[in-house]
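Engineer: Now for the letters of each chain:
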Amino acid sequence: MNQYWKKCLLYLLLLPPLAATANPEPPVIVIKASKFLFQPAKIELKKGQTVILEFTSSDRMHGFSLPDFAVRADIEPGKPMRVSFTPDKAGSFVFRCDIFCGDGHEEMAGEIIVQDEG
Amino acid sequence: MTHSIDRRKFLQLAGLGGGATFVSGLGFNVFAANGFSVGLPVEDFYFVQLSDTHWGFKGADKNPDAAGTLQKAVAAVNALDKQPDFIVFTGDLTHTTDDAQERKRRMSEFKDIVGELKVKHVRFIPGEHDASLDKGEAYQAFFGDLHYSFNHKGIHFIALDNVSDPAAQLGPTQLAWLQADLQPLPANAPIVVFTHRPLFDLYAKWDWMTRDGQQAIDLLMRFQNAVVFYGHIHQEHHHFTGHIPHHAAKSLIFPLPAPGSVPKRAPIPWNPAKPYNDLGFRNIEAYPWKNYRIEEKTLT
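Here the protein sequences line up with chains S and D, keeping their order. So in my numbering, spot 27 of the first sequence is number 27, and the numbers just go up one at a time. Just add 118 to the spot in the second sequence (first one is 1) and you have my numbering.
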């Protein structure tokens, strides 16, 4: 190995791990809305962990309302909507559709379970 | 028409309180004569509020007499000793359907049934089951304007629509209309507001709110004698935002649990041992510029 390649190897060894320096995108959780359910309807998260909630609708306008965290979004067919969400408290929290969508609208709900870190 | 409501009897009832009778205790000041009251008759009277009839609903475990409860309510109102000055239905007249023709059929049937009321002065406001899926198109064809106001014996009544927008908003156009409607009224004008959904955030987790309802409440705050009667939550409920009382009425199809009392907002099943339990309507006696008295009526 010549001097050039030895230096390159040394620099590579001295570089901090890639994961620690890059700013990785938070995980994306896709939530599909359709009359009259969310899929998934149960989402487990960790307190303090930022996630991207991506909403899609396969039929008509729906809404996503998570009042415990003051998070809401309109979900239009053909227009995926992304919301960054960092739960700052642990527990079980209900989310529901808040755009009236028909006979099963009142039952269109789900649950986010936030667990304490560690 | 002048009703001979006995004020002394009212005061006795006010002193008793409790039971099935809710006495608002608003303590309205005597209304001073001014431009608003000049020329308007000042009389005690009463009106009836019915709500959430959901005509077309099917669910034997929740109401095995869903096809007969509205007629039963009409008969109960017709049987009142003294007939009210007018009757108001505060929304969800019909149960929702995706089928536009079925929606019209239900509205037509509803209108035929309530046409049997002896009192012909009947007011309507929409609920989300009537108006959210077509932005109130069918509702307006059968029942008229989505929001409006009228005067009756010195009280200014306002009907608001917080449902034809499926996002449950009054919207800037209606709020501007409300502001203009209220603008000429003096601060001591008696005002009664009808809505379907609560204007205030009763329980956001169950979506029992109006997204921009606070803006309407803000417009009402300058009035000393404003009161709101609404439906939607299928139970009697009383709440104040500042000095403004908000009174929710029982349903005429199935009751719902108290806000936040159970994990899920699901209808309370029919109890064969207590049929029509917690279904009913209310009489609202108005003593202009003095007080209101609410008497809850339960179907039996």
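Please keep in mind that the hints were generated in silico from the structure rather than gathered at the bench. Hints should not be assumed to be uniformly reliable.
[What the hints assert, rightly or not] Have a look at the derived ranges for each label pair, beta carbon to beta carbon:
id	chain 1	residue 1	chain 2	residue 2	range
1	S	Q49	D	H356	38 to 48 Å
2	D	N196	S	I52	33 to 43 Å
3	D	G378	S	Q39	20 to 30 Å
4	S	Q39	D	Y321	20 to 30 Å
5	S	T50	D	I231	28 to 38 Å
For glycine and all other residues, C-beta sits at the position ideal for the given N, C-alpha and C.
Engineer: For every hint, state whether the structure bears it out.
Structural biologist: For each hint, the structure was consulted:
1. S:Q49 to D:H356: 38 to 48 Å: holds, 42 Å
2. D:N196 to S:I52: 33 to 43 Å: Violated: the Cβ-Cβ distance is about 59 Å, outside 33 to 43 Å.
3. D:G378 to S:Q39: 20 to 30 Å: Taking Cβ atoms as reference, D:G378 and S:Q39 lie about 26 Å apart, which means the hint holds.
4. S:Q39 to D:Y321: 20 to 30 Å: 26 Å Cβ-Cβ, so the 20 to 30 Å window holds.
5. S:T50 to D:I231: 28 to 38 Å: The hint (28 to 38 Å, Cβ to Cβ) is violated, given that S:T50 and D:I231 are roughly 55 Å apart.
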